[in-house]
Amino acid sequence: MSKVLLKGNETIAEAAMRAGCKLFFGYPITPSTEIVEYLAKHLPKGGGTVLQAECEVAAINMCFGAAAAGARVMTASSSPGISLKQEGISYLAANELPVVIVNINRTGPGLGGLGPAQSDYFQSTKGGGHGDYRLIVLAPSKAQELYDLTMEAFDLADKYRNPVLLLADGFLGQMMEPVQLKERKEENLPPKDWKTDGCKGRAKRKIASYFLVNELAEEGCRRWQAKYDQIKEAEQRWESFYADDAEYLLVGYGTCGRIAKSVVLNARKQGIKLGLIRPITLWPFPVKAFTSHFDGIKGIVTVELNAGQMIEDVKLAVNCRVPVHLYSRQGGMLPHEREILKYVGQVFNLPVRGEA
Amino acid sequence: MQKVFGRPKGLTEIPFHYCPGCTHGIIHRLIGEVLEELNIIEDTIGVAPVGCAGFSLDFFSCDFVGAAHGRAQAVATGIKRALPDRIVFTYQGDGDIAAIGTSHAIHVAARGEKITSIMVNNAIYGMTGGQMAPTTLTGQVTTTSPYGRDNAVAGFPIDLPKTIATFDGAVYVASVSVDSPKHILQAKKAIKKAFQVQQAGLGFTLVSILSTCPTNWGMSPVDSLKWLREKMIPVYQMGEIKVSEEVKGL
Ligand SMILES: Cc1ncc(C[n+]2csc(CCOP(=O)(O)OP(=O)(O)O)c2C)c(N)n1
Ligand code: SF4
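These protein sequences, in sequence, are chains H and V. Going left to right, the first sequence walks through residues 1 to 356 as our numbering numbers them. Going left to right, the second sequence walks through residues 1 to 250 as our numbering numbers them.
Heads up, a few of these hints could be off.
[Said to hold, decoys possible] Here are the simulated SDA-like pairs of lysine to any residue, each with C-alpha atoms no more than 25 Å apart in a straight line:
| no. | chain 1 | residue 1 | chain 2 | residue 2 |
| --- | --- | --- | --- | --- |
| 1 | H | K45 | V | L202 |
| 2 | H | K192 | H | Q230 |
| 3 | H | K206 | V | P181 |
| 4 | H | K206 | V | D43 |
| 5 | H | K206 | V | E37 |
| 6 | H | K185 | H | P44 |
| 7 | H | K206 | V | P8 |
| 8 | H | K206 | V | E13 |
| 9 | H | K195 | V | H69 |
| 10 | H | K142 | H | S2 |
| 11 | H | K142 | H | K192 |
| 12 | V | K9 | H | A203 |
| 13 | H | K298 | H | G332 |
| 14 | H | K204 | V | K9 |
| 15 | H | K200 | V | H69 |
| 16 | V | K242 | V | P181 |
| 17 | H | K159 | H | K227 |
| 18 | H | K159 | H | G332 |
| 19 | H | K206 | V | D85 |
| 20 | H | K200 | V | R29 |
| 21 | H | K142 | H | M17 |
| 22 | H | K41 | H | P178 |
| 23 | H | K204 | V | Q196 |
| 24 | H | K261 | H | A317 |
| 25 | V | K189 | V | M1 |
| 26 | H | K159 | H | A19 |
| 27 | H | K204 | V | Q199 |
| 28 | V | K193 | V | R229 |
| 29 | H | K206 | V | H17 |
| 30 | V | K162 | V | D43 |
| 31 | H | K195 | V | E13 |
It should be emphasised that the hints constitute simulated quantities derived from the structure, not laboratory data.
Put together the whole structure using the sequences plus the hints.
Here you go:
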């Protein structure tokens, strides 16, 4: 099939429809709004439903209901809206309901700005809502990945009965890039034998996360954690770029991962053995990427659009056996390739030519 | 021997664990009877709130979902939009629907969401131990209004059904009570009507039911019924508050 030119947010919306998403509940917020707009225009034509909720709290809880009823459902927002959704996300995780949530990260905290930022890394990967839960967090870095990972998000959600978060930023959401609209491949997914859609011909079912007996509550917690362990083992994803023989590594996801690729190529031209690990799953964090590349590595620089959040996971992954530094831009600013390379030269005492 | 009275099929066998004399049990029974009489048990999905009413999850024999505090109507919206041919109802306390969930209460009514909400108004927060609710009467003593609800500080009681009735999407709104056999029969009629209106797909329906909380009111069950009758009924507009033209034609 031929390629089409779409905005990043439209790409996500198109992929959702082709993944069989039948319902979307949302509330507009820049820079994610094109998702609800695109779906409002196209989803009802195929018999789907788009409802503009009264607020994000309502939207995520509508998703809760639709998922409980067995439907494929999505919501999308940006940072302050995602904060409002945290209550619902915690309940989705507790009730093991498959919902796809898109966060086109704004700068933050507070109302923030619209430029590209990765300041919601902690919120996305470490909870955000209350309780000991995990989301599967996917971090695309280009249009084709926005498309492919959105489609896959629905399957992962159904496979593990878990909410999946697609985390991108205003740069990815707003840019236009050609994308190939692939058809959905049939996955062998478990039957939804838990959904509450009316008890015809079977015993009543209930979906709830309220435990009055501590013993039962602990049993529930253990079950969730066992599932999370299984996901950690099976779903770590990353892209390795010139990492096999690297002496120094960049680690960056999303927009930073994209910029870091050019940095690596420039460094290689100068004879510096720089490589890149680009995490594609932020949770589970691709720890395996570091164990497999570890031996020759002398130092790591994480490139982040925040004050240094992913760096904590990188340090844990390498168990403090190599120095890990941070190159950060914030507030919607993007780093220049040249700046990153200069920083690499500085912290590792490498000769880097000026205009790399 | 002929059986003349039994548990309606709309209820499970699980014994209620509401406090003695609490009228949640009566309201459950009425809904259970309506589900059976309309033969909709297998087509119905209930949504439970947080609060004493949250126990309803176990007691009805239809599928049930437990929502976060105040979110039952948003969850019900999601279920109904996914499964438009099913019957979806929420069973909520007054704190749930008229405090933390107010925005959803207003917007399901404005949208004419084809669901039924049962609001159980006991003028207090039951489960958390008797704090002030938006429905607490002026002067009523609760743990967070220990000197009696002072309107200058805490505002005035909210009569939610009256507000909801002003929205075009709300087609049937009733306020009933379960303090006496006569009122119980009226309550049942209102509940049944609300479900029938939903079956006909006409719009949003709300039945508010005045209920007792002997435990947190600090009264005997009998005195509670008397207090409800003498103090609450005069404050809240009772009866069928709104019956739209389509509903009249039903
Ligand atoms: C977000 C949130 N806030 C507060 C609570 C605590 N809480 C549980 S029940 C309840 C009040 C319920 O009152 P009402 O809805 O009137 O129901 P009742 O118990 O009287 O049936 C509160 C505040 C909660 N569970 N979740
Ligand atoms: S606390 Fe009040 S509302 Fe709750 S079960 Fe007891 S009497 Fe009923």
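(Q) Could you work out which of the previously given hints the structure breaks and list their numbers from low to high? (A) 3, 11, 13, 15, 18, 25, 30
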